[in-house]
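So my numbering is basically just the index in the sequence shown, starting at one, shifted up by 12.
Hints were generated in silico from the structure; no laboratory data involved. Honestly, I wouldn't trust all of these hints.
[Unchecked claim] Heads up, simulated DSS-like pairs for lysine-lysine below, C-alpha to C-alpha not over 25 Å straight-line:
1) K256 to K244
2) K244 to K281
3) K256 to K281
[Claimed, not checked] Derived DEER-like restraints, expressed as beta-carbon distance ranges:
4) V305 to S136: 42 to 52 Å
5) L291 to S123: 15 to 25 Å
6) G117 to L291: 16 to 26 Å
7) T352 to S123: 53 to 63 Å
8) S381 to L239: 32 to 42 Å
9) E257 to P287: 44 to 54 Å
10) Q241 to T192: 50 to 60 Å
11) Q168 to R359: 52 to 62 Å
Here the structure is a predicted model, which is why all the values come from computation and not from measurement. Every residue, glycine too, gets a C-beta built ideally from N, C-alpha and C.
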Amino acid sequence: EQAALEAQQDEQSEQAQALAQRQEEQGEALTSLLADLARHSEEIRNELGGDSWLTLEADALPPRLNDVDVLERSQIEAVVDSLATLTVNTGRAERLELPVADASGDIESHSVVRLGDFAAFTESALLRKGQDEESSLAEVPRTPTAISDLLAAYHQGESREFAIDPTQGSVLEALAQQPTLWERFQQGGYVGYVVVVLGGIGLLVALAQYIYLLTVSARVRRQRQNLDQPSKDNPLGRVLERFKEMDKHQTPEALEARLDEAVLAELPKIERGQPIVKLLAAIAPLLGLLGTVTGMIVTFQAITVFGTGDPQLMAGGISQALVTTVLGLVTAVPLLFAQTALSSRSRFITQVIEGEASATLADHLEAQSTLSGQTVN
């Protein structure tokens, strides 16, 4: 019996040692597991806390764990649930009501669409991470009009298309730095303003004169259909009226000279404005060249003072040099087309007047010759 009791005690002792060793191993494994969980939770908080779109909501990040204290079951479950939620949200599109700062800095609540961890946008603008504590979101400085229309259609349910920046803000930053048409125009400086003003004056003169020539063409067309009743509201009618008032007993050469004089008297009104338009078309490129030279002088002055270390210091002069050249050419080309249109239209009207005047003189001379022949007979 003593031997059996000792054997039983030895067996129980071995079982106790095995249980203690197993508990020690499980405790070490659990401690290591909890330490890994705390480390991964902290890493996720650090990585997602600044730039991720998954953290727009306040409770999106997993709770911060302490690998020294004893963790409760609820804390472990909260970490697991948070990680699972973040994983699911990477493939979901959600609508959230969040404060958004506009371009002027005013913060208002907007309906925000979050597309996983790729992008977020409102009904009219793409969003970026805000710079202040009051708002975690802010509109990008310049959202292109086409993209704004696309986002508005998506918010209203009219389209399933949307726009994102796959470079995580690089494209949006480049778009924000791209100058608008007005800013590009301002880079031309005073020379650019002068070029545009002169171009506008030339186009207004050309437009007014072309409208006048169209009106004259219509009146001359009506007058050609009724040559027997000249009207003073058109050049052809005034020439025919002058011819009727002439002394018909003059020599043919005198009548022709008087008729040419009447035609020439109508030319200034028909050709009015063409010299100005032609002059401005020639001046515009020269002013653009002047702006180019001025811009290069500014660039060289910047290089002399600041050196070539910062290209942005030279950008102003180079922009002025290029923009003024573009403005000069853009102004000259329409003016040349306008001058050509005015010249062709006025030439057509002049040819019609000269042709009808010559025909009228020829008819008169033929009638006078026929009458003289009948008198002799």
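Can you give the numbers of the hints that this structure goes against, from lowest to highest?
As far as the earlier hints go, 5, 6, 8, 9 are violated by this structure, in ascending order.
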